[in-house]
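Sequence order for the protein chains is A and V.
For the first sequence, position 227 matches number 227 in the UniProt record's numbering, and the numbering has no gaps at all.
For the second sequence, position 57 matches number 57 in the UniProt record's numbering, and the numbering has no gaps at all.
Please note that a few of the clues may not be correct.
Claimed, not checked - Below, simulated SDA-like cross-link-like pairs (lysine to any residue); rule was C-alpha separation at most 20 Å, straight line: (1) Lys-36/A with Ala-393/V; (2) Lys-33/V with Ala-394/A; (3) Lys-33/V with Phe-14/V; (4) Lys-36/A with Ile-353/V; (5) Lys-36/V with Thr-73/V; (6) Lys-329/V with Ala-273/A; (7) Lys-36/V with Ala-59/V; (8) Lys-36/A with Pro-89/A.
It should be emphasised that the hints constitute simulated quantities derived from the structure, not laboratory data.
Only a predicted model underlies this, so the values are computations on that prediction, with no experimental measurement involved.
Number of protein chains: 2
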Amino acid sequence: MLLFRIRADVTHKFELDRLFDPSSIAVVGASTKAGKIGYEAMENVHDFGGRVYPVNPSAEGAAFGEPFVASVTDIDDDVDLALLCVPAPVVPEVIEECGAAGVGAAVIYSGGFAEAGDDGAEIQRRLTETANEHGIALLGPNTSGFVIPRTGLYGSFATGVESFPAGDLAIVAQSGGVAHSIAFQATRERRGLSAMVGLGNRANVGFEEVIEYLDGDPDTGAIVLHVEGTDDARSLLETCYDAETPVFAYKVGEADVGDFAESHTGALTGDHALYQAGFAQYGVPTVDSTSQLLDAGHVAATAPLPDGTNVGVVTAQAGPGIIIADRLKQAGVSLPPLEDETTATVNEILPGITYSANPVDTGRPMPEFGEVVRAVAADENVDAVLVYELHEAALGFPTEDLDGLAESVGKPVVFATAGPESLLEPDREELESVGVPVFESPERAADTVAALAEYARVNAEAAPAEVVDNA
Amino acid sequence: MLLFRIRADVTHKFELDRLFDPSSIAVVGASTKAGKIGYEAMENVHDFGGRVYPVNPSAEGAAFGEPFVASVTDIDDDVDLALLCVPAPVVPEVIEECGAAGVGAAVIYSGGFAEAGDDGAEIQRRLTETANEHGIALLGPNTSGFVIPRTGLYGSFATGVESFPAGDLAIVAQSGGVAHSIAFQATRERRGLSAMVGLGNRANVGFEEVIEYLDGDPDTGAIVLHVEGTDDARSLLETCYDAETPVFAYKVGEADVGDFAESHTGALTGDHALYQAGFAQYGVPTVDSTSQLLDAGHVAATAPLPDGTNVGVVTAQAGPGIIIADRLKQAGVSLPPLEDETTATVNEILPGITYSANPVDTGRPMPEFGEVVRAVAADENVDAVLVYELHEAALGFPTEDLDGLAESVGKPVVFATAGPESLLEPDREELESVGVPVFESPERAADTVAALAEYARVNAEAAPAEVVDNA
Chain A
1 MLLFRIRADV THKFELDRLF DPSSIAVVGA STKAGKIGYE AMENVHDFGG RVYPVNPSAE
61 GAAFGEPFVA SVTDIDDDVD LALLCVPAPV VPEVIEECGA AGVGAAVIYS GGFAEAGDDG
121 AEIQRRLTET ANEHGIALLG PNTSGFVIPR TGLYGSFATG VESFPAGDLA IVAQSGGVAH
181 SIAFQATRER RGLSAMVGLG NRANVGFEEV IEYLDGDPDT GAIVLHVEGT DDARSLLETC
241 YDAETPVFAY KVGEADVGDF AESHTGALTG DHALYQAGFA QYGVPTVDST SQLLDAGHVA
301 ATAPLPDGTN VGVVTAQAGP GIIIADRLKQ AGVSLPPLED ETTATVNEIL PGITYSANPV
361 DTGRPMPEFG EVVRAVAADE NVDAVLVYEL HEAALGFPTE DLDGLAESVG KPVVFATAGP
421 ESLLEPDREE LESVGVPVFE SPERAADTVA ALAEYARVNA EAAPAEVVDN A
Chain V
1 MLLFRIRADV THKFELDRLF DPSSIAVVGA STKAGKIGYE AMENVHDFGG RVYPVNPSAE
61 GAAFGEPFVA SVTDIDDDVD LALLCVPAPV VPEVIEECGA AGVGAAVIYS GGFAEAGDDG
121 AEIQRRLTET ANEHGIALLG PNTSGFVIPR TGLYGSFATG VESFPAGDLA IVAQSGGVAH
181 SIAFQATRER RGLSAMVGLG NRANVGFEEV IEYLDGDPDT GAIVLHVEGT DDARSLLETC
241 YDAETPVFAY KVGEADVGDF AESHTGALTG DHALYQAGFA QYGVPTVDST SQLLDAGHVA
301 ATAPLPDGTN VGVVTAQAGP GIIIADRLKQ AGVSLPPLED ETTATVNEIL PGITYSANPV
361 DTGRPMPEFG EVVRAVAADE NVDAVLVYEL HEAALGFPTE DLDGLAESVG KPVVFATAGP
421 ESLLEPDREE LESVGVPVFE SPERAADTVA ALAEYARVNA EAAPAEVVDN A
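Could you put together the complete structure from these sequences and hints?
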């Protein structure tokens with residue numbers, strides 16, 4: 001059983017600009033006590049660049065220099081975004097007040113809604129109805145929020161989110177905790193983010209609305225999704241299909257974790273195989289972990305996408321090269337024979353080369369290594385290039401040879417290496433700055449290239465005519 | 001078809017002390033020119049703590065302050081170890097000289113032997129015969145060497161190997177490049193190593209000899225193997241089985257990479273499924289990547305091993321908890337119901353807890369989080385504990401509650417988290433110092449615990465009586 005493909009005429013329910021690009025923010029339940037959500041949220045947004053209003057009827061004085069007000073209705077300003085740091089039972093009333101005050105969007109951090117049984121579901125139904133009446137976009141409830149690094153908008157109550165580097169990848173996760181886990185991994189690995197969004201219970205802002213918004217965001221080069229389950233899979237798939245931005249997905253719940261998952265964001269995980277097939281049919285490759293999602297998304301956002309599934313591998317060490325070839329083949333990627341011309345060129349550059357088929361194994365790093373990579377990248381049998389080279393301090397990386405190569409051949413050129421951080425770091429940064437993403441394990445590089453190849457496959461097979469429209 | 005299990009009466013072919021713990025080293029082909037292997041090897045060993053002799057008939061003066069000699073036979077000292085930085089055709093003659101000089105062991109870095117066709121195989125046959133006559137242990141040929149971080153012995157020509165932290169895990173890889181890749185990953189992730197050994201072509205020192213040696217090394221708490229293929233799989237398996245030290249293996253070559261692999265260390269990759277089954281039958285769990293190998297080996301080397309395959313999961317964020325539960329179940333690990341007593345204790349610690357089954361989901365980090373982990377660790381239904389908690393700066397980790405917990409319950413307690421490096425680092429180091437390994441992705445923590453559970457399974461099922469002897 002496969003899902004049908006029907007192009008949806010999806011319309012924006014809300015103007016998400018007021019959520020993701022607000023001019024003013026109210027923090028409802030703001031607190032001056034460190035560790036409380038109302039404090040952490042206030043700390044994260046207090047200098048975001050617009051007006052911030054701490055709201056708390058039982059507080060006096062000021063928070064982060066801003067005087068407390070008793071209610072959003074007391075604010076003499078158009079508040080775009082309200083961050084709700086109050087417990088579930090109070091939320092419907094606060095949303096009423098937000099409606100009265102003309103607030104455009106709200107993030108609801110607290111739990112105790114649809115994920116917590118019938119009573120919570122009833123509260124969520126009520127507040128969603130109110131929000132819909134007033135046209136308030138709701139992120140959550142039951143989410144740790146969102147972050148837009150480029151503008152310094154930290155709509156999350158987690159600590160340390162100001163460390164997220166700005167960049168091209170948007171993370172959209174059903175779970176706020178997973179969104180933060182991926183974003184912190186990205187930070188550790190110097191991968192820039194255009195947005196991090198944790199959806200939570202998706203009261204009226206779901207995958208569709210956020211994907212559409214990010215598809216229109218010039219700073220977003222790729223979108224990655226963490227999906228537990230949704231009631232309307234087709235709507236999600238159609239939105240992905242309509243997006244011009246490449247989308248990759250990580251569908252959790254292959255094993256039976258339904259009970260626990262339903263207790264989370266109130267959604268069943270559904271049939272895992274059906275989701276995988278559905279995503280593929282709608283042009284979305286799926287991956288198997290948060291790090292694979294990050295890796296594939298980062299490269300898709302910053303490098304050319306491959307036109308097909310043929311990969312050329314160049315390695316300076318046979319052992320990691322074998323791991324890479326093995327891993328790519330297991331993932332269904334092909335390592336085609338190189339053109340005769342390429343083999344001749346490689347043998348001319350390096351007479352007596354260890355192995356000049358695909359993978360090309362140079363036996364050791366050497367000054368001509370970059371030339372060999374260029375020759376393989378130019379090969380018409382090859383849609384993407386994966387290079388492995390153990391870092392040698394005396395030699396560095398072939399940065400000059402690879403500068404602009406990916407753009408000029410229109411194929412991703414991905415590098416994997418190993419070495420001590422202190423010696424490796426400057427060379428790695430240089431190589432990344434000329435358009436070559438670098439990984440520090442052979443498997444992560446191989447999985448990334450396999451995901452890119454899968455992107456080419458599912459988009460070629462899916463619906464050529466329509467895909468061409470979108471490309 | 002499964003391999004038979006027969007306990008082997010394996011005897012040491014060589015005293016590997018002269019290889020891994022030498023008092024004096026000759027560097028044959030030593031050079032004063034940076035970038036040459038003879039320079040890099042010399043640089044890496046010149047201050048290892050014993051005498052170092054640069055050997056080069058065509059060089060004059062000194063290298064790193066040591067005067068050149070023309071041949072190992074000119075050295076007026078018992079040389080334990082010779083590092084051969086000379087091309088393949090010269091190696092047999094140098095080995096002859098090593099034999100005449102009473103050298104105990106040699107590392108042969110160069111390629112061009114069995115992996116390079118019939119002529120190379122003939123050279124390798126000749127030099128092995130000579131080495132065997134003189135009782136010289138040969139590491140390689142075609143390897144980048146070995147490192148013993150604790151003693152500062154860097155028998156590798158790679159740069160930066162002095163950064164490897166000393167610790168409890170021994171890496172034994174068929175490929176020197178893979179050995180270095182894993183060791184540099186370990187370095188980046190602060191996992192200590194007792195040894196890193198790249199075997200290469202295994203002229204007369206193979207997996208068996210190195211595993212036996214490391215099994216007798218009091219500094220080695222676990223051994224991890226990277227295996228491409230070997231002519232005598234049973235001998236390898238029996239050696240693993242006889243070792244008292246836990247062994248984990250990564251068998252490469254699930255896809256057909258035979259051609260390329262044979263060109264590497266002269267070994268066929270063989271039947272992948274047969275290897276996996278063989279390893280399991282002999283008490284060795286297999287994993288699927290270099291990082292999984294490192295992770296499982298690190299925890300096995302530093303924490304108690306589980307007695308069974310039942311895992312208790314505690315999470316402060318549902319989303320990552322679902323990922324962990326999903327991943328564990330996919331790997332065949334069970335998440336059993338907790339004892340009534342445990343559930344009661346958890347509900348007493350945290351009334352109104354989000355989800356008190358297994359996984360236990362506390363909904364958010366809180367001061368009582370460590371108490372909840374202690375309760376689950378004490379549960380008799382549980383053989384290992386996996387904890388997820390997003391780092392919150394105001395709260396830190398429950399280090400005091402977890403101090404010594406793993407040892408006292410005799411179960412591994414593994415932690416996964418996410419957070420910004422600057423805030424996370426001191427708390428992570430504290431937590432690791434009290435016996436709790438920390439991972440920064442939910443999947444890596446889950447894969448590690450799954451590998452530990454697999455260790456319990458294959459050792460329980462394999463041959464109980466004999467396994468008990470070894471435990």
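> Okay, which hints does this one fail, numbers in order?
Replying inline: 3, 5
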